[in-house]
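Each chain, written out:
There are 2 protein chains.
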Amino acid sequence: SSIASSDSEFISYMKNKAKSINKALDNSIPLCNNFVPLWEPVLEVHKAMRYTLLPGGKRVRPMLCLVACELVGGQESTAMPAACAVEMIHAASLILDDLPCMDDDSLRRGKPTNHKVFGEKTSILASNALRSLAVKQTLASTSLGVTSERVLRAVQEMARAVGTEGLVAGQAADLAGERMSFKNEDDELRYLELMHVHKTAVLVEAAAVVGAIMGGGSDEEIERLKSYARCVGLMFQVMDDVLDETKSSEELGKTAGKDLITGKLTYPKVMGVDNAREYAKRLNREAQEHLQGFDSDKVVPLLSLADYIVKRQN
Amino acid sequence: SSIASSDSEFISYMKNKAKSINKALDNSIPLCNNFVPLWEPVLEVHKAMRYTLLPGGKRVRPMLCLVACELVGGQESTAMPAACAVEMIHAASLILDDLPCMDDDSLRRGKPTNHKVFGEKTSILASNALRSLAVKQTLASTSLGVTSERVLRAVQEMARAVGTEGLVAGQAADLAGERMSFKNEDDELRYLELMHVHKTAVLVEAAAVVGAIMGGGSDEEIERLKSYARCVGLMFQVMDDVLDETKSSEELGKTAGKDLITGKLTYPKVMGVDNAREYAKRLNREAQEHLQGFDSDKVVPLLSLADYIVKRQN
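Protein sequence lines, in the order shown, are assigned to chains A and B.
Counted from 1, the first sequence has number 273 at position 273 by our numbering; the numbering is strictly sequential.
Counted from 1, the second sequence has number 18 at position 18 by our numbering; the numbering is strictly sequential.
Some hints could be false.
As the list makes no split between identical chains, a pair holds if one copy fits it or if it spans any two.
To be verified - Straight-line Cα separation of at most 25 Å, DSS-like style, residue types lysine-lysine; simulated pairs: (1) 19 - 136; (2) 116 - 269; (3) 121 - 111; (4) 281 - 269; (5) 264 - 311.
Keep in mind that the hints were calculated from the coordinates and are not lab data.
Bound-form chain A, shown alone:
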């Protein structure tokens, strides 16, 4: 059965999805091309793009995109270009985040960060190229029978997710947060929540929304998946904060304990580790509630995905 009903079934379901996603991502950035002028310099950028895009990562965003598409009655293949696009946008932002002038990180998914391998200039080009390719991929969905109106709406969602209504706002809030003072814990928590919604949840939301758009979902279905994804995205970030404080760099595959050192606002810092874990569990319950009304068999992967995120150890 393609539907996951137990933990182990879900893991294998997720691995299968990740396999299709990885294959599509691999094909999207060739290492060989005889028709591109300036191929040699471009090849170096392609290598840098592939380095961060393949093969690591849990593929949570593209998987969510594919599952959302299927949930509303679409084919997995219809949402594949958009799913890849969302992962490209994510990879592009990771490359920039790790730069010396940003978070100055040297380790990501257990490997040296992009600029450590390719140099800052090529990393910045790779990040730009990934975002541009994301748009091109999504536009190519018209060749899979998706209407221009729906493709346009999908591109709009993605642009929203990476701009000042999404990622940029979250990162700007992150920068500003280090020098901000708050009147009370409630204010601090509200700020933290908005920051994480923008830094993480908005792109997770976009993944689900874009999948549902490609699959031909109704406005109501899209809205419900969006609410689910917002909870999941926020929960993902809460758990990220918890893991950063409680796990080693080795376990995480990236520099651990960094939030504490840099004095960043995090959930454990504002509410304590235990309360943060409780909050993640509450978000999980909320996420699951938003899925009521969908076919109870078909939502199983999304329920399992939320469970998986709240239980994850790295």
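For this one, chain A is given, so just place chain B on it according to the hints.
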């Protein structure tokens, strides 16, 4: 008359166009908003976006976009969002180009570069936000009566212009060029040409193409405008190289003579200043030839624009 037939008429025509463009750009990035969460951090990014986007620049790209739209029978206002989008993409790339890890420039249009004023982190966010806003602006053209098909095609052109088929390829070639050796002058010239076509001409092309798409142009009209714009874009870069070598920083409003110091490949370096000027003039003639077949009154601004670029002093 709105059509420019002499040098001075063209200058005032261009100033008028720049005025409408500047107004639209100004409106596109507000300094006041009561409905955006995280407004304070976002405001800082908006300021950085505006700093590079307004008010400097010759507005060659957006102007070309508007004129192309009108030439094929469209209204200026129909292409205005796309014209702004092209200028945003241009500004976004200028911000990144000037970063310490890229060209490390401290002066641009007579002012300190973006990161000198806002810091590298905010500059990078501003650059990303400008590119995302460019997509949003272009998509909004549907509200002006442009079909979804045409809007998608326009977004595709823009994505192509900034990715590995455009800007990124040109910049990667620029990076690689510093360490490349060539068998002969012909090879060197071919490489230089491809580099500049990608670094500059492809976005100038996109400006014209997108304008013609928005204006409802036929495929043939779009192709002719594209060929014209490629010549103009390349000519623009040839003159940029010439000016960098022959003018002072004060005259240019940016660091002059930098290409020589950094050992960059330039037209004056490969063919000498005089030959480079001659080449620019030849490109001007070619550009004008591509406009044959259009209404001879309506092409006057494009002919004047090409003349203006080949004669410009900064």
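| Violated constraints from the hint list, given by number and in increasing order | 2
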